[in-house]
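Chemist: Residue-level listing of the chains:
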Amino acid sequence: MIKSLKATGSQLADSAFQLTVLRPDQADGAHLPSFSAKMREAGLFPLRPVAPAILQINVGKMCNQVCKHCHVDAGPDRKEIMTRETMQLCLDALARTDIQTVDLTGGAPEMNPDFRWLVEGISKLGRKTIVRCNLTIIVANKKYHDLPEFFARHGVEVVSSLPFYNAGKTDRQRGEGVFDDSIRALKMLNAVGYGQEGSGLVLNLVYNPAGAFLPGSQAGLQQQFKRALLKDFGIVFNDLFAITNIPVSRYLDYLLESGNYAGYMEKLVAAFNPVAAAGVMCRDTISVGWDGQLYDCDFNQMLDLLVASPVQHIRDFDAAALTERAVVVNQHCYGCTAGAGSSCGGATA
Amino acid sequence: METYYNPADLAKFGNITEWQAEAGRKFFDYYGEVFKDGALTEREKSLIALAVAHAVQCPYCIDAYTTDSLQKGADEAQMMEAVHVAAAIKGGAVLVHGVQMMNKAKELSM
Ligand code: SF4
Ligand code: SF4
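Protein sequence lines, in the order shown, are assigned to chains E and U.
Here the first sequence is numbered in our numbering, starting from 1 and rising by one per residue.
Here the second sequence is numbered in our numbering, starting from 1 and rising by one per residue.
Mixed in with the good hints, there may be bad ones.
[What the hints assert, rightly or not] Cβ pair distances, simulated, as ranges:
#  : chain 1 : residue 1 : chain 2 : residue 2 : range
1  : U       : K104      : E       : G168      : 29 to 37 Å
2  : E       : Q293      : U       : E76       : 40 to 48 Å
3  : E       : Q293      : U       : N15       : 47 to 55 Å
4  : E       : R40       : U       : L10       : 24 to 32 Å
5  : U       : M110      : E       : G168      : 53 to 61 Å
6  : U       : V94       : E       : D77       : 20 to 28 Å
7  : U       : Y30       : E       : L306      : 48 to 56 Å
8  : E       : K187      : U       : V99       : 52 to 60 Å
9  : U       : L10       : E       : A167      : 28 to 36 Å
10 : U       : L10       : E       : D318      : 20 to 28 Å
11 : U       : E81       : E       : R184      : 44 to 52 Å
12 : E       : A349      : U       : N15       : 20 to 28 Å
Just so you know, these hints were derived from the structure itself, not from any lab.
Quick caveat: nothing in here was measured; it's all calculated off a predicted structure.
Just so you know, even glycine gets a beta-carbon here, dropped at the ideal spot from N, CA and C.
Next up, chain E with everything else stripped away, as it sits in the complex:
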């Protein structure tokens, strides 16, 4: 079984080391312009946000899976998880703003013992919850089997990774047996109404390439996924989000180990799209770390790049002050601006 970079003592577990690797002059033979220079050319530097519309909370790095591409370096060995006190600070911050959407991520967010308490709190405030559910958690243990009903009760939008519609590619990226477990979980979600027309229960899937290449057209992939999952397993879902792998953490490790790093970065740079660059998700999202610290996005969070603002912790959350900041960008940002763009909600251009 693969282990987290942290568990193996890899240098890449250190965010400062990752930032060194990502420096434009470090990619062997590749000619990579700095991301900020590229953004300046596009008239987008410094990158200014709009008022936050989504609060993305990472409730911890603990996960039942150890996917090869994970930018969180999540796994069963990761003990960094959000306490109920910090969750309360998130709810307090929400109550003070008109942010309507809370996006819960991890690790496997459901493994945080206070996960359901948090979802209930968000519900009580009348805000919408998105959960980034890895699917297998639903079947991992009896105590999680009722998650589909729990999600349905709170009108939670479920966003789930399924890198391919067959076992080979899925298991190579996410681990042996993950595809079959994911199919079981998808059937359980469908059974309570998720993805079914007219139910109002939204089930979106996330496709990300199992290798060192970019995603193709989201619409084309969605059509293939819909056809294959319905034909082979009778599974339905709403939308497919095609997401580009960002060169951070374990995916960065994969790129380096497989000799694909320079080539992948060149592909991202060559595919830079100013329209996608103008629509990057950090413009309207604030990301909260397990310890309450604030970031421009979950990737910056994993690189320990705090927001460039006097407000850096959820306890001091101030939407107006945060809107004054400039987004902290670095070379990994090329992953969000390539081709049709990439965000937690899929393509952006």
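With the hints as your guide, set chain U with the ligands onto chain E.
Modeler: This is chain U with the ligands only, laid out in the frame that chain E set:
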């Protein structure tokens, strides 16, 4: 090491317009049009291109359409089946000429 084919040249394909702008531009416009989603999906077209790339044994095209097929969501089995289609047609094209050979041989023989 010097070789006739250099992977870096693939990225320079567009440079052919430098010496003949009009024809080059028309070719690339046509190329772009051909590969758009149409009666065939982009993925199906990519797999056809992959098969043809093998038939014409163009290393640039094999490189480009392996990546493109993966990007379009083709899996390994589909890609290998496309190559087998190319092999079957190429092999078949050789073998079907055996009939011509037989005809000629019969003509010349007692
Ligand atoms: S990608 Fe998601 S499911 Fe996989 S290890 Fe990371 S957090 Fe867990
Ligand atoms: S990686 Fe984060 S900061 Fe960079 S462009 Fe993407 S969302 Fe914005």
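Chemist: Could you run down the list of hints and mark each one as holding or not?
Modeler: How the hints compare with the structure:
no.	hint	in the structure
1	K104(U) to G168(E): 29 to 37 Å	violated (49 Å)
2	Q293(E) to E76(U): 40 to 48 Å	holds (42 Å)
3	Q293(E) to N15(U): 47 to 55 Å	holds (48 Å)
4	R40(E) to L10(U): 24 to 32 Å	holds (29 Å)
5	M110(U) to G168(E): 53 to 61 Å	holds (59 Å)
6	V94(U) to D77(E): 20 to 28 Å	violated (58 Å)
7	Y30(U) to L306(E): 48 to 56 Å	holds (50 Å)
8	K187(E) to V99(U): 52 to 60 Å	holds (54 Å)
9	L10(U) to A167(E): 28 to 36 Å	holds (33 Å)
10	L10(U) to D318(E): 20 to 28 Å	violated (51 Å)
11	E81(U) to R184(E): 44 to 52 Å	violated (29 Å)
12	A349(E) to N15(U): 20 to 28 Å	holds (27 Å)
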